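Here the structure of chain A is known, so what remains is to put chain B with the ligands in place on it, guided by the hints.
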Amino acid sequence: MKNEDFLKKAFGWYYSKNKVPAPDSIENREFGIGSFGKKIDKRHFAFQNEKELNNFLRAEIPLYISYSCAYYKKPDATPMEAKGFLGSDLIYEFDADDFNEDCVDKHDRWSCKSCNAKGQGAPEKCPYCGGRVELDQWVCKNCLEKAKQNTLKLISWLKSDFGIDEGIYVNFSGFKGYHVHVRMHEIKNLKQNARVELVDYLTAHFLDTKSLGFNYQDGVFYCPAENSARGWQKKILLAIKNIFMSANYEELALATGITLSSAKRIIYNSDLVINSMKNGYLPKLFHKNEKFWNSLISYSINKEALPIDRQTSVDIKKIVRLPDSLHGATGLKASIVELRDIKNFDPLKNSIVFPEKAIKINVKSVPSFELNSKVFGPYENETVELPAYAAIYLIARNYATLGG
Amino acid sequence: MFSQEEFQFAAKYPFSSVARDIVKYYVDDFSKVSLETKDLAKGIILDSYFRTFLSPYDIKVYSKELLLDHILAYPLAKIYVSIIANEELYTRFAKYIAKRTYDNLTNNNFSEVFDLAYDLNIEFSTKNDFVVIPLFSFLKVDCFDNDNSFKLVNQRLDAGNVYLSREKFAKFLSNHIFSELLNTLPCSVDGLPSSLKEEANSIRNDIFSRKYKISFNKIQNIYPNAFPACYRELYFSLLSGSNLTHIARFYLAVFLAAVGMKKESIIELFKNAPNYNETKTKYHVDRIFSKKRFLPPSCAKLREYGLCKDNCNVKNPIVYYKKMLFTDKKQK
Ligand SMILES: [Zn+2]
Ligand SMILES: [Zn+2]
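Order-wise, the sequence lines are chains A and B.
The opening residue of the first sequence carries number 1 in this note's numbering; numbering runs sequentially from there.
The opening residue of the second sequence carries number 1 in this note's numbering; numbering runs sequentially from there.
What the hints contain is simulated information worked out from the structure, not anything from laboratory work.
Only a predicted model underlies this, so the values are computations on that prediction, with no experimental measurement involved.
For every residue, glycine included, the Cβ atom is placed at its ideal position computed from N, Cα and C.
Careful: at least some of the hints might be erroneous.
Beta-carbon label-pair distances, calculated as ranges [claimed, not checked]:
1) A:Glu27 / B:Asp190: 22 to 30 angstroms
2) B:Asn109 / A:Asn142: 56 to 64 angstroms
3) A:Gln311 / B:Thr184: 28 to 36 angstroms
4) B:Tyr26 / A:Glu27: 44 to 52 angstroms
5) B:Pro186 / A:Arg132: 21 to 29 angstroms
Subject to a maximum C-alpha distance of 25 angstroms in a straight line, what follows is the list of computed DSS-like cross-link-like pairs (lysine-lysine) [claimed, not checked]:
6) B:Lys140 / A:Lys188
7) B:Lys168 / B:Lys151
8) A:Lys191 / B:Lys140
9) A:Lys73 / B:Lys140
10) A:Lys153 / A:Lys19
11) B:Lys151 / A:Lys210
12) A:Lys191 / A:Lys159
13) A:Lys188 / B:Lys151
14) B:Lys99 / B:Lys151
15) B:Lys168 / A:Lys234
16) B:Lys99 / A:Lys303
17) A:Lys241 / A:Lys19
18) A:Lys317 / B:Lys140
19) A:Lys234 / B:Lys151
20) A:Lys159 / B:Lys151
21) A:Lys234 / B:Lys127
22) A:Lys364 / A:Lys2
23) B:Lys168 / A:Lys191
24) A:Lys141 / A:Lys303
Stretch-level coverage of chain A by chain B, calculated; a stretch enters the list once three of its residues show a Cβ under 8 angstroms from a Cβ in chain B [stated by the list, open to error]:
25) 159 to 173
26) 197 to 204
27) 368 to 376
Only chain A is shown next, with the shape it has when bound in the complex (with noise of 0.2 angstroms):
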C-alpha cells in the first residue's frame, strides 16, 4: 500500500470514531485542505456546521485541514475579494524552528545537493560550498517545551499588557509548536497596521529606547523611575534587575561584553542598581557608562521579545490548522488545550491518537525521537516493528514505508 493510501486509510479510522469541533462562526470560515506532502491544496471549503464538517471529513479525508482566521460573508467565493471579508481573529504561531535551541544541532540534519556534503544542524547554506542544503529536521521535547514556555509569556503579556484575559484558545500545532488564538469583538475589527502594531510590542519590533525614557545625558544614565514604569519600560527593568538579583555575573559578561571578572565586580551592586532604579537612573557601575548600560538595555530587549513571525501573524487571510484535527505531517493531534492545562500538556504524548498496535516499517535514516514516553531509534534502513502512533509518524513524515 501506498504511503499516502496508509494514512488516509488510519486517519480515516480516527474521524470515524472523533468528532472534530467547529470553529467558532464555522459559517463564515473558510477551508483549505492538504494532501502527503502538501498542506494545502485546495482552499475555498465552506461548512455549515459542525455536521457538515465532519461528514466531510469522513468522506475526503484530508491528510490537512485548515481554517481561515478571518470572518467572510461567503467563504467559499473565488476570488478573494468576492468572499466579503467581515473581520479576522488574531493567531500567533511559535514554531520550534525559530529557537534555534542546542538541541537542533543534536536532532536536525543537512545535506548539501551541490557537493554532497551531509552533518549535524541546521545552516542556512552548505558550510563547505555554500550550495543550497536538504534541511532534515526534527523536534524534540526541548524544542516543544520552549515553545510552550513563549506560549505562556504571551498570554501572560496578553493580560499584562493588552489587557486580554478573555476569547484566548491554544493548540498544540500537531508538529512543532503551538497556535494561540485571540478572539473577540475588538480584535476582529482590527485593521491590519494596528495588527502590525501588536505584533511590533510583542517582538520589540522599533523600539526606541530614548522614547521610552532610557537616556545618557551629561555623565547620567536616566531610566524610567522603576514604580511609574510600564510596558516594555518595566520588561527592560525587570529583566536587568533580575540579572543583579540572581548574581548571574555571566549572562552580565555576556551581555556587555565585559571581562568575566569585571562582572564579578560589578554584580553584587544588585542594591545600587535597585535604588537608583527607583529613583529613574542607572548608577555608574563600569567606566564606560553609556556602553555599558546600552548593551545590557539591548540585550534585555532581545532576550524578553518574544519569536513570532511578523509576516504571518498579521496576515488576516491565512488560513492555520483547525485545532483537534489531525496534522498529515506526523499523525498527530492538533490539540486544544485548555488554559489551565496547558503547564502540564506533553504534546508527544497527549496528542497521541493512534494505537500501540504494532506496525511492520521500513525505516530510512533517522535520528532518535521520543513519542509516549519512549525513545525510539536512530535507525538507519533497516525494516522494525513499531506502535502505530510511531510508525505513522515516520510514515507520515516521509521516513518511512510500510513493511511487508
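Chain B with the ligands in isolation, oriented as in the chain A frame:
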C-alpha cells in the same frame, strides 16, 4: 443658539463637531459666504501649500461675526482643495491643519486637550499626570506611521491602557486629525455652484504658477502670526477691543507700517479701540508715514515700557517678521 465659547472653540478647531454644527446652522450654499471667509480659506490653502503657517489662526477676536468667518473658512478650504484635486496639496493641507491644532493646544497650555478629545469622541480618562486611553481606542487612531514615538511598542502600556503625557496626548490628537482629514479628502464636489470652481481654479493658478510670492510692497494681508510675540500680543488685544496705552499704540503703528500695512488699514484697525480718537490717530499715523522714518523698537525697549511680557529677545522685529515670512518652515 451657540455660545461665545463654542464659537471660539470652533474657530480654533474648525473640524470639531461644534464647528460642524455651526456650519450646518449658518450655511447651505458656500458660494454665498462673505469675501472675508473666501480670503481666509484661500489663505489657509496657500499657507498649507507653501508651509508658511502665517494666517491668523491663534484667533483672539471676539465678535461672533469674525469668528464665523474663520469657522466657515475651513469647510470652504476643504471644498477648494477637493476641486483643485492635488495629492500633494491634500497632504500639506492635512498637515497644516494638524500642526495648527497642535499649536493651538500648546498655546493654551493644553487646557483644551480634553475638550477637543471629548468633541472628537476619543475615549480617555486621566490618572495622576497621565491621560489614559484604552488600547483598542488607541489602535483605532492612525498615528503611528510617520513617527516611531507613537508606535505601541514605545508606549507606557499597562493592562490594556496606554498612558500618555498631556503634551503627547495633544500630539496624538493632532496626528489623529491629520489622518482623519486625509481620509476625507477629496470631499464630494458634485453639483457645486460654478463660482466655487472658478475660485478654486484661481487658487490653483496661484499655487502652481508659483507666481504667488509674499513681498512687502505688494502685500495686502499682514500675517500677525509671524510677528514677534510682543507685537502679536498688542495687535490682537487691539483687535479684541482693549485700550492700549498711547506708546503701545504708537509702536504698533510703526511696526505695522514697516511691514507694509496701508495707512487706511492701520486707521481702520485703531477704530477697534474703545477710546478711538479720529483726529489724534490720523495725526500720529500721518507722522509715521511722513518722510521721517520711525523704526519699531526691539523687545528690550518694549519691555522697558512694560509691553513685552514674553522674553522673546527679538532685536529687530522687522528682520524677525521677514524671516518668519520667507522661511519655508518645514516640519521635521
Ligand atoms: Zn556543499
Ligand atoms: Zn529539540
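Quick rundown of the hints versus the structure:
Checked against the hint of 22 to 30 angstroms, the pair Glu27 of chain A and Asp190 of chain B fails, with Cβ atoms roughly 40 angstroms apart. At about 58 angstroms, the CB distance of Asn109 of chain B to Asn142 of chain A agrees with the hint of 56 to 64 angstroms. Between Gln311 of chain A and Thr184 of chain B the beta carbon distance is about 31 angstroms. The supplied range of 28 to 36 angstroms therefore holds. Our hint of 44 to 52 angstroms for Tyr26 of chain B and Glu27 of chain A holds, since their Cβ atoms are close to 50 angstroms apart.
The hinted window of 21 to 29 angstroms between Pro186 of chain B and Arg132 of chain A is violated, with their beta carbons roughly 51 angstroms apart. Straight-line distance between C-alpha atoms of Lys140 of chain B and Lys188 of chain A comes to about 12 angstroms, which keeps the hinted pair within the 25 angstroms bound. A C-alpha spacing of about 12 angstroms is found between Lys168 of chain B and Lys151 of chain B, which places the hinted pair at or below 25 angstroms, so the restraint holds. A threshold of 25 angstroms between alpha carbons decides the hint, and for Lys191 of chain A with Lys140 of chain B the separation of about 8 angstroms falls inside it, so the pair holds.
Pair hint Lys73 of chain A plus Lys140 of chain B holds up; C-alpha atoms about 23 angstroms apart against a cutoff of 25 angstroms. For the given pair, Lys153 of chain A sits about 31 angstroms from Lys19 of chain A by alpha-carbon distance, which is inconsistent with the 25 angstroms threshold. About 13 angstroms separates the Cα atoms of Lys151 of chain B and Lys210 of chain A, which keeps this hinted pair within 25 angstroms; it holds. Between the alpha carbons of Lys191 of chain A and Lys159 of chain A the distance comes to roughly 21 angstroms, so the proposed pair stays at or under 25 angstroms and holds.
Restraint check for Lys188 of chain A and Lys151 of chain B: the C-alpha separation of about 21 angstroms stays at or below 25 angstroms, so the hint holds. Of the pairs offered as hints, the one joining Lys99 of chain B and Lys151 of chain B holds, with about 20 angstroms between alpha carbons and a cut-off of 25 angstroms not exceeded. Simply put, Lys168 of chain B and Lys234 of chain A have alpha-carbon atoms about 20 angstroms apart, close enough for the 25 angstroms limit, and the pair holds. Of the supplied pair hints, the one linking Lys99 of chain B and Lys303 of chain A is violated, its CA atoms being roughly 39 angstroms apart against a limit of 25 angstroms.
Straight-line distance between C-alpha atoms of Lys241 of chain A and Lys19 of chain A comes to about 49 angstroms, which puts the hinted pair past the 25 angstroms bound. Under the criterion of a C-alpha separation no larger than 25 angstroms, the hint pairing Lys317 of chain A with Lys140 of chain B is consistent with the structure, at around 20 angstroms. A threshold of 25 angstroms between alpha carbons decides the hint, and for Lys234 of chain A with Lys151 of chain B the separation of about 17 angstroms falls inside it, so the pair holds. Simply put, Lys159 of chain A and Lys151 of chain B have alpha-carbon atoms about 19 angstroms apart, close enough for the 25 angstroms limit, and the pair holds.
As the CA atoms of Lys234 of chain A and Lys127 of chain B are separated by approximately 18 angstroms, the hinted pair is consistent with the 25 angstroms bound. With a CA separation close to 16 angstroms, the supplied pair Lys364 of chain A and Lys2 of chain A stays within the 25 angstroms bound. Restraint check for Lys168 of chain B and Lys191 of chain A: the C-alpha separation of about 23 angstroms stays at or below 25 angstroms, so the hint holds. Pair hint Lys141 of chain A plus Lys303 of chain A holds up; C-alpha atoms about 21 angstroms apart against a cutoff of 25 angstroms.
Using a Cβ-Cβ cut-off of 8 angstroms, 6 residues of the segment 159 to 173 of chain A lie near chain B, which meets the minimum of three, so the contact claim holds. For the segment 197 to 204 of chain A, the stated coverage by chain B holds: 5 residues have a C-beta nearer than 8 angstroms to a C-beta of that chain, and at least 3 were required. Against chain B, the segment 368 to 376 of chain A contributes 0 residues with a C-beta closer than 8 angstroms to a partner C-beta. That does not satisfy the three-residue criterion, and the hint is violated.
Of the numbered hints listed earlier, those contradicted by the structure are 1, 5, 10, 16, 17, 27.
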